[in-house]
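Those protein sequence lines, which keep their order, are chains C and X. Numbering that gives the first Met the number 0 numbers the first residue of the first sequence as 0 and each following residue consecutively. Numbering that gives the first Met the number 0 numbers the first residue of the second sequence as 0 and each following residue consecutively.
Read the hints as simulated data drawn from the structure, not as lab findings. A portion of the hints provided could be inaccurate.
[As the list claims (entries may be wrong)] To be clear about the criterion: a stretch of chain C counts as covered by chain X if any three or more of its residues have a C-beta under 8 Å from a C-beta of chain X, and this derived list gives those stretches:
1. 32–43
2. 105–116
[Stated by the list, open to error] A few chain X residues facing chain C, derived, Cβ under 10 Å:
3. 0
4. 8
5. 13
6. 14
7. 16
8. 19
9. 42
10. 60
11. 61
12. 62
13. 64
A virtual CB, placed ideally from N, CA and C, is assigned to each residue, including glycine.
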Amino acid sequence: MNAPISSFTPSVLAESAAARVSLTAPCARMSLRARGDLAPLNTALGLTLPVRIGQRAQAGDCQALCLGPDEWMLQAPETLAPGIQAACDDVYGVLPHSLVDVSGREVTFALDGPRAVDLLTLGMPRNPDSIAVGEGRRINFDGVTVVLWRDGETAFRMDVWHSFAPHLLHLLETGVRELAAEAA
Amino acid sequence: MLLIHCPYCDETLPEAEFTYAGQAHVIRPEDPSGQSDDQWQEFLFIRENPKGPHYERWRHFHGCGRFFNAVRDTVSDKFLTTYKAGAPRPDLSSLTEGLK
Chain C
0 MNAPISSFTP SVLAESAAAR VSLTAPCARM SLRARGDLAP LNTALGLTLP
50 VRIGQRAQAG DCQALCLGPD EWMLQAPETL APGIQAACDD VYGVLPHSLV
100 DVSGREVTFA LDGPRAVDLL TLGMPRNPDS IAVGEGRRIN FDGVTVVLWR
150 DGETAFRMDV WHSFAPHLLH LLETGVRELA AEAA
Chain X
0 MLLIHCPYCD ETLPEAEFTY AGQAHVIRPE DPSGQSDDQW QEFLFIRENP
50 KGPHYERWRH FHGCGRFFNA VRDTVSDKFL TTYKAGAPRP DLSSLTEGLK
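Next up, chain C with everything else stripped away, as it sits in the complex (with noise of 0.2 Å):
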């Protein structure tokens, strides 16, 4: 279920002196949507569900992101997937929710390199810089929905449905090499 269907594998992609686009290994997904007292998800999870969108909580290599107001994106290693499962069942009784393995369906694009923020300019209609470093937003990229999570300054990490991935990958491909040549 979570093969990789694209047909590019986890690797570098794209790179230049500007920026480098790479596929990350294929990790569990899950899309959770609930509503109420969030305590015993939180209990479960073992971590706190931000509640303002865009914010992002961490617990071990278990990450939420939250994307709207009663929705979230969890992202963990595979290994981890079967056990967030059960213990998120267990407290469905308490509060029902909706817990969707997703895994299958998105590839990541890690982006990096010291004009990564230039490079997303180029799909991105919202300004970068108003996603703040540590937080995540689900935006507009060249017209395709995709979630942006931003470790660091010039680090960020796109989730791409997979039929729009090799779309992008062109397009960031483009990016990579203009913005190494603007710099020559």
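Dock chain X against the given chain C, drawing on the hints supplied.
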């Protein structure tokens, strides 16, 4: 490009992240089968077409995904306010006061 304030994200963001979703505060009748054809036609098809402030729905499609309501002036394209779905219709006089 228009900048739209999403009441859920509490951020002012480019129009490209949003989609328009028609007139706001169109209430579906409690008992649809009790409606006459004229009432049903009114509900389905008849919309306002104001020159000036318009109550309308928007969706933060490439973002939190939420529908919300807005008041936009159809002449100037200026957003007077945005508010969460389900919130009461804001009074127009309080919105236009600052514009005079």
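Legend entry - Contradicted hints - numbers only: 1, 2, 8 and 9
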